[in-house]
Amino acid sequence: MQNTEVQSAVMDHFNIVVVNEDAAGNEIKKTWRLVYDYRSIAKIEKAIGRDIKKISSWKDLSSGTDFPAIVHGGLNRYHPDVTLDEVLDVLNPAAQRVLSDEIFYLMFPGMREVIEKQAETGATALPNPDTQTGII
Amino acid sequence: MDLWSIARYDLGLSFEEFEDCTPAMFNALCRRKRIRYKYERLAHALTASAVYNCNRASKDAPVIQPFDFVREVDKAEEERLAIVAIIRKAIGEAAAKASREKLLRIRANVITSLGMRGRTDGEKLFDECWPTLKPTEQDRIEQEFDRHA
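Respectively, the protein sequence lines represent chains Z and X. Count along the first sequence from 1, add 230, and you get the number used in our numbering. Oh and the second sequence: position 66 is 52 in our numbering, straight run, nothing missing.
Same shape as in the complex, but just chain X (with noise of 0.2 Å):
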């Protein structure tokens, strides 16, 4: 059914022309409604960048280009930018005066769960979103008495 409903109200077939397609040839006039909506995406982008750059506050607002609108972002990016967003949340839902040893452990936690699900790179991730919170020495050795505590 939802093969049908892509067929008809998509790629515009009637039911006898989408029952001679094989999976191969939907697959293909899908891919060619991408590259249309592609092109029709760029087609919006430059009338509303037109329309922005011709109303920009002050002349050291930025310039927008068409492509700022239709970039895509990989899996891999979209990926990462979703584990930022937890690393961020994680400390944002932090109290506003807790202390740098809770948020430490929030560190710690969030790290433990990231390897959990196979990103080796939490260290990485979370430094880069909050480089304040990179353990120091001090911290290292603070850890290190509270663990044999």
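This is chain Z alone, in the form it adopts within the complex (with noise of 0.2 Å):
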């Protein structure tokens, strides 16, 4: 049981709150954790047919097609019963940028200090970061 705890405080990821409306105008609330392990990294490459742990992949990701199935592919640790109709539905233009960006943070680990170095000094805090994840 201890060893459960320990690996929800280890496993990187980030909850969306999707706020939708009955028929009777009523706010419903849930709250999606999505969890990009490399099973759910699997899936979404073999749904889209690219590989997305490398950092070019990035460049040219359709956000109609492309994009709501990295959503989806995060949901399946912990929501596997949601589809990808619903993640169609609760997607917005607004939305896809902020979460575009966390989803590439816990890809490539280490990145958003990389960028946030860059931003503030002109430079990398690596000269040559990974652009791959997980390279030994």
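Calculated from the structure, these hints are not laboratory results. Some clues are possibly wrong.
Said to hold, decoys possible - Where chain X lies over chain Z, by a calculated footprint (3+ residues, C-beta under 8 Å):
no., region
1, 259 to 268
2, 327 to 340
Stated by the list, open to error - Every beta carbon over 12 Å from chain Z, so not counted as near; a handful from chain X, in silico:
no., residue
3, Leu28
4, Val37
5, Glu128
Glycine included, each C-beta is placed from N, C-alpha and C at the ideal position.
Mind docking these for me? Both chains are given alone in their own frames, and the hints should help you get the complex.
Laid out in structure tokens, this is it:
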């Protein structure tokens, strides 16, 4: 049991709060926890047909087809019952940028610090940051 | 496939454990693996230095520290050493009886080439490797003369 607690503390994730309304106009809030483990990454890669472990693949992701599949893949661990159509229903262009950034930073650990450092000083924190996730 | 082989061979993860890892977790494990590798390298270095120190040729031979085996070169230093090697090779490949003028021409070409790669310290590095090829006032006058000729 203790093992499960440790795992939940270690596991990097983020939550999306989805606000909907029912037919009577009552607000329905639900929270989705997104996790990008290698199982979900494999599922996404199969769905969109590209290697999202490489930074170069993120340059020309289609916001209409690829991005919803990426979000849907992140729901694989804690919300496997959510369908792609449900994801498409809640995604909107305003949220997409923020969401995309968060997913990107989960996929490439350490990249947030590099980008923030670059924005501050115009230089990279690491001269050659890893361009592939998890290289030893 | 590369990630899986690292997970399986280097980190000893099962396929399920690997699938449960996120990139951040995987990176953390790789970092930990690197730390262990450094410990192991130091342990071997202790043995190697002890063997060497017990078998020195003479009392004057230097004593080696374990850290001499495990010292790491940072990226900038690594690049500097690579450039120094290029400089040494450029002059080393010149004919044994090459004239000073020819060697100075090689020097200028290497410095220009380094400059094109964004290294502004080519001249300084060259002078560190071959201080005798540092152009003298006489060399400069001759170069100026050749340019105008």
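Each hint, compared with the structure:
For the region 259 to 268 of chain Z, the proposed coverage by chain X is satisfied: 4 residues have a C-beta within less than 8 Å of a C-beta in that chain, meeting the threshold of three. With 5 residues having a beta carbon nearer than 8 Å to a beta carbon of chain X, the region 327 to 340 of chain Z meets the requirement of three or more and the stated coverage holds. The non-interface label for Leu28 of chain X is consistent with chain Z: the shortest C-beta to C-beta separation is roughly 19 Å, beyond 12 Å. The beta carbon of Val37 of chain X sits about 30 Å from the closest Cβ of chain Z, which is more than 12 Å, so the claim that it is off the interface holds.
Non-interface call for Glu128 of chain X relative to chain Z: holds, since the shortest CB-CB distance, roughly 41 Å, exceeds 12 Å.
The structure shown violates none of the earlier numbered hints.
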